[in-house]
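Enquirer: Kindly generate the complete structure, drawing on both the sequences and the hints.
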Amino acid sequence: MTFAAPSTRQELTDTTWYKRAVFYELLVRGFADGNDDGIGDFRGLITKLDYLQWLGVDCIWLLPFNKSPQRDGGYDVSDYYEVQPEYGTVEQVGELLRESHARGMRVIMDMVMNHTSDQHPWFQEARSSPTSPRRDWYVWSDTVNRYQDARIIFVDTETSNWTWDEQAGAYYWHRFYSHQPDLNYDNPEVRQAMFDVVRFWLDLGMDGFRLDAVPYLYEREGTNCENLPETHQFLADLRAMVDRDYGGERVLLAEANQWPEDVIEYFGTQDAPECHMCFHFPLMPRMYMGLRREQRYPITEILERTPPIPVSSGQWGIFLRNHDELTLEMVTDDERDYMWAEYAKDPRMKLNLGIRRRLAPLLNNGRRQMELFYGMLLSLPGTPIVYYGDEVGMGDNIYLGDRDGVRTPMQWSGDRNGGFSRADFAQLYLPPLMDPVYGFQAINVEAQQRSESSLLQWVRRFVAVRRRYPVFGEGNFEALDASNPSVFAFLRCMGDEVVVLCVNNLSRFAQPVELDLRRFNGMTPVELLGKVHFPRIGELPYLLTLAPHGFYWFAIAQEGTPS
Amino acid sequence: MSVDLLAAHGLPDTALLGDFLQRQRWFAGRGRKLTDVRVLDSAVLQEGNPALVYVLLGADYADGGHERYQAPLAVREGEAPPDLGERLVSQTEQDGRVIAVYDALAAPELGWWFWPAMAESRRVATEHGELRFRHEEGFSLSAGDGPAQVRSLGREQSNTSLVRDDCEVLKVMRRIEQGPTPELEMTLALSRAGFTNIAAPLGSGEYVARDGEPALSVILQPFLHNGTEGWTLALTSLRDLYADAEESAPRDEEERRRAVLDQGSSFQPEAERLGEVTADMHLALASPLVPDDMRPEPISPATLVAWADEMTADLDRLLAVDSEELAPLRARRPVLVGRFEALRRLGDAGLAVRIHGDFHLGQVLRVDAGWIVLDFEGEPDRPLEARRVRSSPVRDVAGMLRSFHYAAAAALMERCTPSDTDWEPLFLQGVAWAEASCESFWNAYLTRAASGIMLPAPRSTLVLRDAFKLQKAIYEVRYELGHRPDWVSIPLRYLLAENP
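Respectively, the protein sequence lines represent chains A and B. So our numbering is basically just the index in the first sequence, starting at one, shifted up by 164. So our numbering is basically just the index in the second sequence, starting at one, shifted up by 191.
Please note that the accuracy of each hint is not assured.
[Unchecked claim] Partner residues aside, some chain A positions facing chain B, computed with beta carbon under 10 Å:
hint, residue
1, 458
2, 467
3, 645
4, 672
5, 703
Bear in mind the hints are in silico, worked out from the structure with no lab data behind them. Just so it is clear, CB atoms sit at the ideal spot from N, CA and C, and this is done for glycine as well.
Expert: Have a look at this one:
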């Protein structure tokens, strides 16, 4: 079975759709409440699919919705075949998939491969007795001396990767919280069990997975237990199974919070591909740094250090914010040193590091800055991922604690509870924002849909432009020299035929720039939104002037050819 | 056939060549009376139509001066290419044949000839000497390479540059001088000593007149992508700072300092990295890996005395200028001379090494990989031998430190002039920026340089630094008096400061 509903769009039979797609990341709990219990659910989400289609979303990424004690935002799964009861049922997920596909949208889900909750029946069985058939599904030890070279990721809460289990009479291995025991991938039964889970959701029509914490699947003595060859082999096997049995249209997105030169390993090789997409983590904080420094080097440095993707099916996933930020624990020493050196000198940047904030507050609610950031997100190489609420410029509530601060209810309207739920206010899983600047009275979808000049309408227009030009998703990237350091200019090209020029002003002041465009001598830059024809390119440096935080997208066209 | 053509036709007469020479942007003799232009040497580099002919022109001046210019020419049977402008030498008709002669580098594909010349280490005999080409290890051409890859760089100043495939720049020297060229000598030495923040040469060519010393003819270097001059980057940071200060001017030292520390477009991280790169450059120049004639040597007491004398003489020469503005400086003389005298009392002053010699923000380029140091020719007004003298690396450091102050003033000059009422509070804000940048640069430099032995004890290093900075500022005042009277107050204030 591929899709329960017949597809209405040609792209649905396209094996590289994700390269040209715009992703939208959302929290079922926080998006829309369909049964008035104060918690978002699948029924509510289904009623909002028209909105996502209107916005131009190609693929929805659902944060974890499997059954879970919810001690780590759902990344502690206690049943892979069940849905967290407040969110709905497996049947409703099926309905979501059918309804999404009918609208030409796809859906991927978070899949936590590395570990389960300690409440998972597998773990309960495993700890019950050394002779339990599930004992070997987890990693046990009599001492804490094994795998000493593996770092502790959550240094604030954990003191060791081993935790003593009274009932089991042994230590168990966990790379994250101690309530999240790691699965033992050396056990073929575990590999089979996770394949079965994957097949279950693919059979239901799921279009793919965001694979959580993939670098840590295996452990080997004398290594740091990250990025091991066995882990890559498992991912290559998984990809081969998914491609073979599900028609090559399902997508795997790896979360490997590492330096780009290490992350590219997760694309695999042309012969043994692994994930279709990987997140590009360091790009995002450097965009903020570039804006603050009013110069492009923080951004161009990291792009220069990003190796080409070794596999033709590969694509970066890029984002402005997501639910889970770059923390200093999760990057390599090099990057950590760089970030520290930069951030430590700048108290305001330091404040934002490790704390989860939304796009709008990070940019001081500056409309031009938000537009510039969306402009870069939609034009840099990679597939853009928009975090729910950021399209209207929602704020955050840092007093809710670092994770919940950016997980407040989606702001649909100025009505009660921001249109998120008809439940009593006190029943809501988290209070919606109500402050005068970011509260739902001021910032909501309904109001912004009515105003042509709203951020939401603006984002929708530029998403539409991006979707009209496949070169944004699939083209090569080439940084252009510009003598003005505040200007970040680059080309996206497919062959010599299709060339898009993007010019961004990172400064709060108007800036001129002269670009060397001689190779396009005689051609005309055509601005993509208004189709405005700019002066013809000649032998001399091409002069552009940019408004504060302004940006342009041009198609470079032969004079006379329709763009 | 072109050789025949050339034989039949000959080079254009010297009157035409003289006209051509004087029309070129790279001609340095403007304002001097030219008495004669001669062809000193020539060679056919490549036959064909057009043919490529190497021509060395001699220019004699009424003041007794003499210069040599390289002018590779294209000689073509047929019409000259369009739009040559001042780069056309002549177009004549002879026996029904049209012969066009023009600057060969105006046709970038002809410039390709130099690439294989370097790759194959060619030696080409000229009428009165020789052209010798060579390349560095690792440079080679591959089968697909050719003339179509070459384009002109477009920014022509004293030399002419061609770019191949956006990865290499060939600089064809126009005015050539005898003797080792610091640019080539220094970049080769630095590159061999392991310093990578330079455009290390890939190849070069020399012209050697019979019985003459070699002179640099062409140099091939990597094309630096996505670069911004340090000066421009500093101005970007300063614009942001001044715009804030215009909105609400900080009231005291502490607030000004705060404003710099909190500034979004802070320059301090860049200054810090620049300090590290500068130290690395000096450590490489102080290492045993440099050629024998560049080896570091201790700074002798005699040298220190000579420096103190020179600095005092510079000051007195400035004070001899008849200018009202200098009056306060005259009263200040004893303090400044005291700083120079301190040099005489230094026991150990560290090592003298080959230095950059003209180190400031305009000589460093920010690229994606960090800072690149450019242009090792030294101060252009000084004679070659003086530019090759070993000196304290602190001299370069002082140049950069002064450059931060100059950048702060230059960015402010874009907004107002010293006579405006706005000037003073903004100027003080700029000084705070310069001091913060200096501090970042200096601390990073010292930390890094501590791994070597080129610097003396900390106190002596400070004596050197302060003396070199003052000497630089004296030079600046003298320069501004002659060129930009509005700017005199900027270095002058530094000299008059309580504790310069």
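Enquirer: Indicate, hint by hint, whether the structure satisfies it.
Expert: Against the structure, the hints come out as follows:
1. 458: This hint holds: residue 458 of chain A lies near chain B, its Cβ roughly 4 Å from the closest one there, short of 10 Å.
2. 467: Hint holds; residue 467 of chain A Cβ to chain B Cβ min 8 Å, cut 10 Å.
3. 645: Since chain B brings a Cβ to about 5 Å from residue 645 of chain A, closer than 10 Å, the hint holds.
4. 672: Since the shortest Cβ distance to chain B is 7 Å, the answer is holds.
5. 703: 8 Å, holds
Against the hints set out earlier in the document, no violation occurs for any number.
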